[in-house]
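Asks: As a plain string of letters, each chain reads:
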Amino acid sequence: QKEVEQNSGPLSVPEGAIASLNCTYSDRGSQSFFWYRQYSGKSPELIMFIYSNGDKEDGRFTAQLNKASQYVSLLIRDSQPSDSATYLCAVDTGRRALTFGSGTRLQVQP
Amino acid sequence: KAGVTQTPRYLIKTRGQQVTLSCSPISGHRSVSWYQQTPGQGLQFLFEYFSETQRNKGNFPGRFSGRQFSNSRSEMNVSTLELGDSALYLCASSSLATGTEAFFGQGTRLTVV
Numbered sequence: 001q002k003e004v005e006q007n008s009g010p011l012s013v014p015e016g017a018i019a020s021l022n023c024t025y026s027d028r029g030s031q032s033f034f035w036y037r038q039y040s041g042k043s044p045e046l047i048m049f050i051y052s053n054g055d056k057e058d059g060r061f062t063a064q065l066n067k068a069s070q071y072v073s074l075l076i077r078d079s080q081p082s083d084s085a086t087y088l089c090a091v092d093t094g095r096r097a098l099t100f101g102s103g104t105r106l107q108v109q110p
Numbered sequence: 001k002a003g004v005t006q007t008p009r010y011l012i013k014t015r016g017q018q019v020t021l022s023c024s025p026i027s028g029h030r031s032v033s034w035y036q037q038t039p040g041q042g043l044q045f046l047f048e049y050f051s052e053t054q055r056n057k058g059n060f061p062g063r064f065s066g067r068q069f070s071n072s073r074s075e076m077n078v079s080t081l082e083l084g085d086s087a088l089y090l091c092a093s094s095s096l097a098t099g100t101e102a103f104f105g106q107g108t109r110l111t112v113v
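Respectively, the protein sequence lines represent chains A and B. Here the first sequence is numbered in the numbering used here, starting from 1 and rising by one per residue. Here the second sequence is numbered in the numbering used here, starting from 1 and rising by one per residue.
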């Protein structure tokens, strides 16, 4: 079992819709959770981080964390074609080393 | 505020050679981590440095090494290059003052031929 699992996609949503990206992790000691966006040929860009159970909102992005169920999700409201990218879920178990999922490719259709 | 700067951006090396990659973290950030990204394995942690000390190391052979200088700049070295070392090498810096958020540089694309 992979430590951090994501559906590879592609996840295709129409412009203006809500995109929902999910991630599960295996280490119950995980403390910090991150979502990165990576455009093709570029480096990962941090878009959201969450440390506590519940929701955290930043603009069109909402990160949700449920430690009991060991999942973290990212919602993107009013999706735009420019949101088309690979979204990487990353988990830090406190050892200052991020464990990444394989990423979900999101396609926003105009 | 300048971001994380990695040099060089692209490198082509021959099997058996060695290579040194450089990373300058965001000003004020004292933690620097290195990652390898390949299509097959994804993003994998190499090592993390803080105040010139390696605090954590990933599951990579001893050919991969690194160091951090007093100004927080970091280098990583790969010796006796193999074809499988071809990858995007990413450096990330963290403040650790407010959290563990890591910000990546543009990466160094290494091709081993």
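Each hint should be verified, as a subset may be incorrect.
Restricting the straight-line Cα-Cα distance to at most 35 Å, the calculated cross-link-like pairs of lysine-lysine (DSBU-like) are [to be verified]:
1. B:K13 x A:K67
2. A:K2 x A:K42
3. A:K2 x A:K56
4. B:K57 x A:K42
5. B:K57 x A:K2
6. A:K56 x A:K42
7. B:K57 x A:K67
8. A:K56 x B:K13
9. B:K13 x A:K2
What the hints contain is simulated information worked out from the structure, not anything from laboratory work.
Asks: Out of the numbered hints, which ones does the structure contradict?
Replies: 1, 8
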